[in-house]
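Participant: Sequence:
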Amino acid sequence: MTNTTGTQMPTLLDVEGVAEYLKVSTKHVYTLINERQIKAVKIGQSWKMRDTDVAEYVNGLFER
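Going from the sequence shown to the numbering used here is simple: count from 1 and add 2.
Keep in mind that the hints were calculated from the coordinates and are not lab data. Worth double-checking, as some hints may not be accurate.
Okay, derived cross-link-like pairs now, DSSO-like style, lysine-lysine, Cα gap no bigger than 30 Å in a straight line [as the list claims (entries may be wrong)]: (1) Lys29 to Lys44; (2) Lys25 to Lys44; (3) Lys25 to Lys50; (4) Lys41 to Lys29; (5) Lys29 to Lys50; (6) Lys41 to Lys25.
Given the sequences, and given the hints that come with them, work out the whole structure.
Facilitator: So, in structure tokens, the structure goes:
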């Protein structure tokens, strides 16, 4: 999706999508959010994460 300035909009994932991608429970994703290991924003009643932030989290796991 492109906004009015022509820049690409980030892909947003919900808790269920991140859990499915990481092959973990939604409870674990909420823990990662609460511990600020994955950047997330609450929109309405749902937590949303950018796909790039999830990728950054995964890449960080390999650097430990």
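Participant: Flag every earlier hint the structure violates by its number, smallest first.
Facilitator: none
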